[in-house]
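Fit chain R to the given chain W structure using the hints.
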Amino acid sequence: MTEEQLVGRFGLDLHKNYPSEKERAEMRLAIAGTGTYQSEVLYKTGKGNEFWGSLALREISIRGSKFHIVRVTDITAQHESNEKVKSALHEKEVLLAEIHHRVKNNLAVVSGLLGLQATYVKDEQARSLFEESRSRIHSMAIIHDKLYQHETFATIDFSSYINDLVSHIKKLYNNIGTKVSFEIVCNDIYLDIKNAVPCGLILNELISNSFKHAFPGREEGLVKIVCTRMGERFTMMVSDDGVGYDMDKALQNPTSLGLTLISALAGQVNGNLKTTFHQGTAFYLSFEV
Amino acid sequence: MSRQKNILIVEDEAIVAMESRLNLISAGFNITAVVSSGIEAVMMCEIELPDLILMDIKLKGEMTGIDAAHRIRRISSLPILFFTGNSDARTREQILSISNCRIIHKPVQTAEILREVDELLTVN
Numbered sequence: 001m002t003e004e005q006l007v008g009r010f011g012l013d014l015h016k017n018y019p020s021e022k023e024r025a026e027m028r029l030a031i032a033g034t035g036t037y038q039s040e041v042l043y044k045t046g047k048g049n050e051f052w053g054s055l056a057l058r059e060i061s062i063r064g065s066k067f068h069i070v071r072v073t074d075i076t077a078q079h080e081s082n083e084k085v086k087s088a089l090h091e092k093e094v095l096l097a098e099i100h101h102r103v104k105n106n107l108a109v110v111s112g113l114l115g116l117q118a119t120y121v122k123d124e125q126a127r128s129l130f131e132e133s134r135s136r137i138h139s140m141a142i143i144h145d146k147l148y149q150h151e152t153f154a155t156i157d158f159s160s161y162i163n164d165l166v167s168h169i170k171k172l173y174n175n176i177g178t179k180v181s182f183e184i185v186c187n188d189i190y191l192d193i194k195n196a197v198p199c200g201l202i203l204n205e206l207i208s209n210s211f212k213h214a215f216p217g218r219e220e221g222l223v224k225i226v227c228t229r230m231g232e233r234f235t236m237m238v239s240d241d242g243v244g245y246d247m248d249k250a251l252q253n254p255t256s257l258g259l260t261l262i263s264a265l266a267g268q269v270n271g272n273l274k275t276t277f278h279q280g281t282a283f284y285l286s287f288e289v
Numbered sequence: 001m002s003r004q005k006n007i008l009i010v011e012d013e014a015i016v017a018m019e020s021r022l023n024l025i026s027a028g029f030n031i032t033a034v035v036s037s038g039i040e041a042v043m044m045c046e047i048e049l050p051d052l053i054l055m056d057i058k059l060k061g062e063m064t065g066i067d068a069a070h071r072i073r074r075i076s077s078l079p080i081l082f083f084t085g086n087s088d089a090r091t092r093e094q095i096l097s098i099s100n101c102r103i104i105h106k107p108v109q110t111a112e113i114l115r116e117v118d119e120l121l122t123v124n
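Residue numbers (our numbering), protein chains in the order written: chain W, 1 to 289; chain R, 1 to 124.
Just chain W, same shape as in the assembly (with noise of 0.2 Å):
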C-alpha cells in the first residue's frame, strides 16, 4: 500500500473483519490503562489480500495532543505453523479420546466374555470366581473412563474413581445382609495411569474383601478409604470396623488370587504396606507418585 493510500486512513479500516463495539471498547480500556495495546489481527493489503499482523500500540502525547504509534509485523507463516500445531494437538486428543473409549469397549467385550463363559459353570463358587475376575476388569473400566473423561488424558481424580468403584462393588454384594457405609476422604488428588491401575485394583479386593468376610451376621457396617498427598508421597488407607484379621500374616502367605494380587500390585508400585486389625481391618499402602 502507498504512502497516498495509507494517509488519512484509521487503522481499523484496514482490519480484514472491522472490530465489533465490544472488541473497540477493549482496545480503549487497554489502552487508557497502559497506554498499549497488543493483538494479532487478520488485514488486508491494498490489493485486498490477506495476512496476519502482530499489531503493538503505543498512545503518546505531544505538546498535549495524543498520537499512537503503531507497528505491524507479517506473523502470517507463524500465524499457519500454530494453526497447524493446534490442529494436531486436537486431532490427538480426538485419537486418544477414542483409544480410552476403545480400551473400556474391550474391556467390556472381555467382561462380557467371562459372563458368558460363567453361563456354562454349574459350580456355584467357581461362578463366583467369574464375577471376581469380572469386578477386577470393571475396577479397569472405570479408569479409562475417567481418563476418557479427563481433558488431558494423563491423569484422573482419584476421588471420583472411588466414588465409582465403590458404587460398582457395592451393587455386586447388595444381598449380604449388612448395610455397609462408606466414608471417603480423597481430595484434589490426581493419579496417573501407571498407578491409578494398581492402586484401584488393591482397592477392588480390599472392598471386596470387607464386603464379603467383614462383617458377619452384622445389620451394619463402616468402611472408610483415606486417600493423602503430601508433596510426592502418596497414601492409601482403608479400613472396616469388621471382625478384623491378620492381613499381614496372610499377605506374607496368601491363599487367595485377591492377597496375591494386593501383594504383588503394591510391590509394582514401589510401595510400603502396613496392616492392622485392631477393631476391624485396616490397610496403609504409601508409595512416590
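Bear in mind the hints are in silico, worked out from the structure with no lab data behind them. Each hint should be verified, as a subset may be incorrect.
Simulated crosslink set (EDC-like; lysine to aspartate or glutamate; CA at most 20 Å straight-line) [unchecked claim]: (1) R:Lys58 to W:Glu93; (2) W:Lys170 to R:Glu112; (3) W:Lys170 to R:Glu119; (4) W:Lys170 to R:Glu116; (5) W:Lys171 to R:Asp118; (6) W:Lys84 to W:Glu40; (7) W:Lys179 to R:Glu112; (8) W:Lys212 to W:Glu124; (9) R:Lys58 to R:Glu13; (10) W:Lys171 to R:Glu119; (11) R:Lys58 to W:Glu98; (12) W:Lys224 to W:Asp164; (13) W:Lys170 to R:Glu13; (14) W:Lys92 to W:Glu80; (15) W:Lys171 to R:Glu112; (16) W:Lys171 to R:Glu116; (17) W:Lys92 to R:Asp88; (18) R:Lys60 to W:Glu98; (19) W:Lys212 to R:Asp118; (20) W:Lys212 to W:Glu131; (21) W:Lys47 to W:Glu3; (22) W:Lys212 to W:Asp192.
Ranges between beta-carbon positions, derived for each pair [to be verified]: (23) R:Ser77 to W:Ile31: 53 to 61 Å; (24) R:Ser76 to W:Asn175: 31 to 39 Å; (25) R:Arg115 to W:Thr119: 14 to 22 Å; (26) W:Leu251 to R:Arg90: 37 to 45 Å; (27) W:Glu80 to R:Glu48: 36 to 44 Å; (28) R:Asn100 to W:Thr73: 54 to 62 Å; (29) R:Arg90 to W:Tyr284: 36 to 44 Å; (30) R:Arg90 to W:Leu95: 17 to 25 Å; (31) W:Asn17 to R:Glu62: 43 to 51 Å.
Please read these numbers as outputs of a predicted model, since none were measured by experiment. Quick reminder that beta carbons are idealized off the backbone N, C-alpha and C, glycines included.
Relative to the frame of chain W, chain R by itself:
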C-alpha cells in the same frame, strides 16, 4: 413382577449383545431381536413396539443410539436403557434430555442390568 416383557437389544459388540441377551432370557424376558444399528432399531419399533429397549450409544452406521432414541420418541415413549462405554457429561446430558431414559455404564454387571430393567418396567 411379571417377567413376560419384550426387550429389543441394540448393540454392535456381538459379545456384549450375546451376554445381555442370555442374561435377560435367563431372567425370564423375551428378546424380540438383537440389532446392531440405530436405523434397524427404529425399523423394529415401527414393526412392533417392544416394552423396553436396551441400547448402546455408538452403533453401526451413521445413526447413534441417541439419534435413534429421538426417532423412536416420535412413535412411542417406551423406556430406553442406554448402556454405554462413553460417560462424558455431554453424552449424559443428551441422554437425560430424552424422556423415560436411563444410563448404565459398561462393563455392565448382570444384577445391575436386571435391576434397571425391572425398575424401568415397573414405573412404566
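Results of checking the hints against the structure:
At most 20 Å may separate the alpha-carbon atoms for a hinted pair to count; lysine 58 (chain R) and glutamate 93 (chain W) meet this at roughly 19 Å. At most 20 Å may separate the alpha-carbon atoms for a hinted pair to count; lysine 170 (chain W) and glutamate 112 (chain R) meet this at roughly 11 Å. With a CA separation close to 18 Å, the supplied pair lysine 170 (chain W) and glutamate 119 (chain R) stays within the 20 Å bound. For the hint linking lysine 170 (chain W) to glutamate 116 (chain R), the alpha-carbon distance of about 15 Å falls within 20 Å, and the restraint holds.
Note on lysine 171 (chain W) and aspartate 118 (chain R): the hinted pairing holds, with a Cα-Cα distance of about 15 Å set against a maximum of 20 Å. Using a Cα cut-off of 20 Å, the hinted pair lysine 84 (chain W) and glutamate 40 (chain W) holds, with the two alpha carbons roughly 17 Å apart. Between lysine 179 (chain W) and glutamate 112 (chain R) the alpha-carbon distance is near 18 Å, which keeps this suggested pair within the 20 Å criterion. In summary, the hint linking lysine 212 (chain W) to glutamate 124 (chain W) is supported, as the alpha carbons are separated by about 15 Å, within the 20 Å threshold.
For the given pair, lysine 58 (chain R) sits about 10 Å from glutamate 13 (chain R) by alpha-carbon distance, which is consistent with the 20 Å threshold. A C-alpha spacing of about 15 Å is found between lysine 171 (chain W) and glutamate 119 (chain R), which places the hinted pair at or below 20 Å, so the restraint holds. Distance hint between lysine 58 (chain R) and glutamate 98 (chain W) is fulfilled; the C-alpha atoms sit about 12 Å from each other, no more than 20 Å. Between lysine 224 (chain W) and aspartate 164 (chain W), the direct Cα distance comes to roughly 15 Å. Compliance with the 20 Å bound is thereby established for this hinted pair.
Straight-line distance between C-alpha atoms of lysine 170 (chain W) and glutamate 13 (chain R) comes to about 27 Å, which puts the hinted pair past the 20 Å bound. Between the alpha carbons of lysine 92 (chain W) and glutamate 80 (chain W) the distance comes to roughly 18 Å, so the proposed pair stays at or under 20 Å and holds. Proximity of lysine 171 (chain W) to glutamate 112 (chain R) is assessed by CA-CA distance (about 7 Å); at most 20 Å being required, the pair is judged to hold. At most 20 Å may separate the alpha-carbon atoms for a hinted pair to count; lysine 171 (chain W) and glutamate 116 (chain R) meet this at roughly 12 Å.
The suggested pairing of lysine 92 (chain W) with aspartate 88 (chain R) holds, with an alpha-carbon distance near 18 Å, which does not exceed 20 Å. With a CA separation close to 16 Å, the supplied pair lysine 60 (chain R) and glutamate 98 (chain W) stays within the 20 Å bound. Of the pairs offered as hints, the one joining lysine 212 (chain W) and aspartate 118 (chain R) is violated, with about 26 Å between alpha carbons and a cut-off of 20 Å exceeded. Pair hint lysine 212 (chain W) plus glutamate 131 (chain W) holds up; C-alpha atoms about 13 Å apart against a cutoff of 20 Å.
Between the alpha carbons of lysine 47 (chain W) and glutamate 3 (chain W) the distance comes to roughly 14 Å, so the proposed pair stays at or under 20 Å and holds. About 30 Å separates the Cα atoms of lysine 212 (chain W) and aspartate 192 (chain W), which puts this hinted pair outside 20 Å; it is violated. Range check, serine 77 (chain R) to isoleucine 31 (chain W): about 59 Å between beta-carbon atoms, so the 53 to 61 Å window is met. Separated by about 34 Å at the C-beta atoms, serine 76 (chain R) and asparagine 175 (chain W) satisfy the suggested range of 31 to 39 Å.
Hint check: arginine 115 (chain R) to threonine 119 (chain W), Cβ distance near 19 Å, so the stated range 14 to 22 Å holds. Take leucine 251 (chain W) and arginine 90 (chain R): their Cβ atoms lie about 43 Å apart, and the range 37 to 45 Å holds. The hinted range of 36 to 44 Å is not satisfied by glutamate 80 (chain W) and glutamate 48 (chain R), whose Cβ atoms lie roughly 57 Å apart. Between asparagine 100 (chain R) and threonine 73 (chain W), the C-beta spacing of about 59 Å keeps the proposed range 54 to 62 Å intact.
Remark: the range hint 36 to 44 Å for arginine 90 (chain R) to tyrosine 284 (chain W) is upheld by a beta-carbon distance near 39 Å. The hinted window of 17 to 25 Å between arginine 90 (chain R) and leucine 95 (chain W) holds, with their beta carbons roughly 18 Å apart. For the pair asparagine 17 (chain W) and glutamate 62 (chain R), the beta carbons lie near 35 Å from each other, so the given range of 43 to 51 Å is not met.
The structure is inconsistent with the numbered hints 13, 19, 22, 27 and 31, although it conforms to all the rest.
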